[in-house]
Amino acid sequence: MPIEVLMPALSPTMEKGNLAKWLKKEGDAVKSGDVIAEIETDKATMEVEAVDEGTLGQILVPEGTADVAVNTPIATILTDGESSSSTKNTKSAKSAPPAKKSETPEPKSASAPAAPAQQSMSDPDLSAGTEMVTMTMREALRDAMAEEMRRDETVFVMGEEVAEYQGAYKVTQGLLQEFGPKRVIDTPITEHGFAGLGVGAALGGLKPIVEFMTFNFAMQAIDQIVNSAAKTLYMSGGQMGCSIVFRGPNGPAARVGAQHSQDYSAWYSHIPGLKVIAPSTAADAKGLLKAAIRDPNPIIFLENEILYGQSFPVPKLDDFVLPIGKARVARAGSHVTIIAWSMGMTYALKAAEELAKEGIEAEVIDLRTLKPMDSDTFIASVRKTGRAVTVEEGWQQNGVGAEIAARIMEQAFDYLDAPVARVSGKEVPMPYAANLEKLALPSVAEVVEAAKSVCYR
Amino acid sequence: MALAKTNAKANAETPAKIPDFSKEQDLASYRDMLLIRRFEEKAGQMYGMGLIGGFCHLYIGQEAVVVGMQMALKKGDQVITGYRDHGHMLACGMDPKGVMAELTGRRGGYSKGKGGSMHMFSVETGFYGGHGIVGAQVPLGTGLAFTNTYRGNKNVCLTYFGDGAANQGQVYEAFNMAELWKLPVVYVIENNRYAMGTSITRASAQVDLSRRGLSFNIQGEQVDGMDVRAVKAAGEKAVTWCREGNGPYILEMMTYRYRGHSMSDPAKYRTREEVEDVRAHHDPIEQVRHRILEKKFTNEDQLKKIDAEVRERVNQASEFATHDPEPDASELWTDVVR
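Which chain is which? The protein sequence lines are A and B, in order.
Sequential numbering from 62 applies to the first sequence in our numbering.
Sequential numbering from 876 applies to the second sequence in our numbering.
Be careful, since some hints might not be right.
To spell it out: a stretch of chain B is covered by chain A in this simulated footprint if at least three of its residues, at any positions, have a beta carbon under 8 Å from a beta carbon of chain A; those stretches are [said to hold, decoys possible]:
#	region
1	893 to 905
2	1010 to 1018
3	1021 to 1034
4	1048 to 1054
5	1070 to 1077
6	1092 to 1106
Treat the hints as calculated values from the structure; they're not laboratory data.
C-beta: ideal position from N, C-alpha, C; glycine also.
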């Protein structure tokens, strides 16, 4: 049976083209790969190659024909022993259906199915007698890594100065001594490279903890984080995932200027496939970092340099693990809900104290995890208080506060007594001068003012 | 011609004679290369019919590289590459049906239709993708090699990239760490002379890509990537080097792609004569075919039988990929996180 040569599409958008020239004539022998014709579109001229071997039977579309629709038969190829007289019985190449549309089952509805609901989780119950120990955020992070490295041989930590120097911010102090250079690895200053290497190791089944000296430097590596780490599970149809933690200090420190003072909360929490955690206390840091290391997905763990040295009570438990994706009510109140995370919590809690002095009881919610975001907790609070303020060090446009405000609007619109207020970093590169830096950052006073304004006080 | 010249130079530097293939090796490599060629021709045809969408980068002309390199591997070794990946997958032993069904975006594809031409994976056969960002697979492959060192096994990761990717900065970040930590990774640079439409001489200050690792003390050599025997011999040497704990190795495969960069590339940056010359004098499949007949390993009829078998496999793949249903709408939300 002769094989039809169809008008090919040169690009996903091409619908028709001109048959510019025949390079073979009827009766010519052709073999796979031979150029038989040239076709033109407004963009390009392309060669049509024979895919089958035989003789060019009949030219169905003469050269010079304009606007030939894609998939129109333009010639026939006769295979061994066929004659051109049999062209009446032409059929398309064996596997080629006449048109693709009929083969593709049309979805019943064009709308996407609803996103799956988020599971609700809760913190582990701490029995009344649980002993608390005071430790810094820095120590809590170190202990979390050490405990998980003892528990799982495939966990290792890599980054700049994590081993012999004991960590640029001393978060990895003592790990080299306990686990040795095979599992605590100093890297060259090469973020793009070692982030990619870490992702490759995770694809190979290890569980890397990649420390960025600060997240400011991770912009060099963001392609590997977004394109390789976050998307591979989906692109592989669930076959291959990437269990990896990227951690390090995020956000402004103090007086380090524009390039070293950026908050990436919004950047990473925009990306499907990533989970983003940003704790504000040592207990949350420990429990969530342990959860992050065990999680089979790529995790962005945003720490804060200013919080590293602060001390907090941490439950003295052998294995204290917190659920990812669960906010925490840090202070109960009934007049206004303040939603923050990481360093933002410092402003929020101090503001709540100030507000209490004026008779305003603020409920302060620590998101802890930015993605997946626990809307349930703050929506329930806003339904109670009717007022909300978000606090973040990042910039306002497309910030996390904008997302929170949108969710409140969608899910608690009828409960609101005032528009949601956002307190954020000012939309300028971070200035160096002490006074300007202070102005660029959110402040306790701004949070107090915002809370009062939504309470119309 | 550039190809011949560089080969001569490479041969002068590495005078080792290319060992002949046994009958079984010649026939196996013929069959494996032909499968890739026919698969890619069919993919091109199906693209033309609108069954395959988006980007589709064909491997036609470069078949000897993956087939020869695969002959140097053992179970547990890993392979990772960029977006021109169909040949690598078939060489790894992935099912043409699953690959073609991924090209058509159907549920029976290796990634359930959610990855496409550039994004397929198979842990089972050691294929780690399928990556669409030029050069990104180089640190990833170096990381796979790191897992081998970490686990203390003797496996090697083949990390393929092209002459275009060779100018990406992250390649050199990976080279540095690979040599520093003596990671078992063979960097296979498939130099097909054009990064999309830009010839290597217009893009590279150092066109001898085998020397690109020199400042990291990584040894490299140029290989006639159109001769499957030369590829296998170089591959075995490089893989052995890695298995023995000596760190990475670079193989620059001098090869050529017959088709455009992707389906929508008319390839006007080179002459038809140039393409015809490679096809006529250096075609990797014709070389083996000629050898098989010359040595009377088999006859024309038997080769035709192989051709028919390969064609049938490819037809079955395209049949499957054409009629397999699209993924269920519920798959939209699966596999984002686990």
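Outcome of the hint check:
1. Given a C-beta distance limit of less than 8 Å, the hint that chain A covers the region 893 to 905 of chain B is violated, as 0 residues qualify and 3 are needed.
2. Counting residues of the region 1010 to 1018 of chain B whose C-beta sits closer than 8 Å to any C-beta of chain A gives 7, which meets the bar of three, so the coverage hint holds.
3. Restraint check on the region 1021 to 1034 of chain B versus chain A: 4 residues with Cβ-Cβ distances below 8 Å, three needed, restraint holds.
4. Evaluation of the coverage hint for the region 1048 to 1054 of chain B: fulfilled, as 4 residues show C-beta separations to chain A shorter than 8 Å, against a requirement of three.
5. Only residues whose beta carbon comes within less than 8 Å of a beta carbon in chain A count, and the region 1070 to 1077 of chain B has 0; fewer than three means the coverage is violated.
6. Coverage of the region 1092 to 1106 of chain B by chain A is violated [criterion: at least 3 residues with CB-CB distance below 8 Å; count 0].
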